[in-house]
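Participant: Sequence:
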Amino acid sequence: MHYLLQYQTSADYLEKRVLFRAEHLQLAWWAAERGELILGGALGEPIESAMLLFKVADPALVKAFAESDPYVINGLVSSYRILPWHTVVGHDAATPIR
4 MHYLLQYQTS
14 ADYLEKRVLF
24 RAEHLQLAWW
34 AAERGELILG
44 GALGEPIESA
54 MLLFKVADPA
64 LVKAFAESDP
74 YVINGLVSSY
84 RILPWHTVVG
94 HDAATPIR
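Quick note on my numbering: the sequence shown kicks off at 4 and runs consecutively.
Treat the hints as calculated values from the structure; they're not laboratory data.
In this text, a Cβ means the ideal position worked out from N, Cα and C, and glycines have one as well.
Accuracy of the hints is not assured; some may be wrong.
Stated by the list, open to error - Here are the simulated distance ranges between beta carbons:
1. His89 to Glu26: 30 to 38 Å
2. Thr98 to Pro49: 15 to 23 Å
3. Lys19 to Met54: 13 to 21 Å
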């Protein structure tokens, strides 16, 4: 199953990001190397939010990622949501429908 982790960033996100970026990216790359995190990145110009795409069986893994993310812990993320994404088209769709 695919899940989207949607981050709403704080007003001072860009100013504070440099302090926690290395730890955040290390956490993200570990999740990617385990095959859990497919893609992730910031959205908008200027940045207003971020989106991370996970492919996992249990959304608890996504929640655990968010709760251990230095951006969340240190207030760079003002809120987050975990949304199931019912993918049906594409080579990596969880439930392909033709």
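Participant: Does each hint hold? Answer for all of them.
Facilitator: How the hints compare with the structure:
1. His89 to Glu26: 30 to 38 Å: Holds, at about 32 Å.
2. Thr98 to Pro49: 15 to 23 Å: The hinted range 15 to 23 Å is violated for Thr98 and Pro49, with Cβ atoms some 36 Å apart.
3. Lys19 to Met54: 13 to 21 Å: This hint holds: roughly 19 Å between Cβ atoms.
Of the numbered hints stated above, the single one contradicted by the structure is hint 2.
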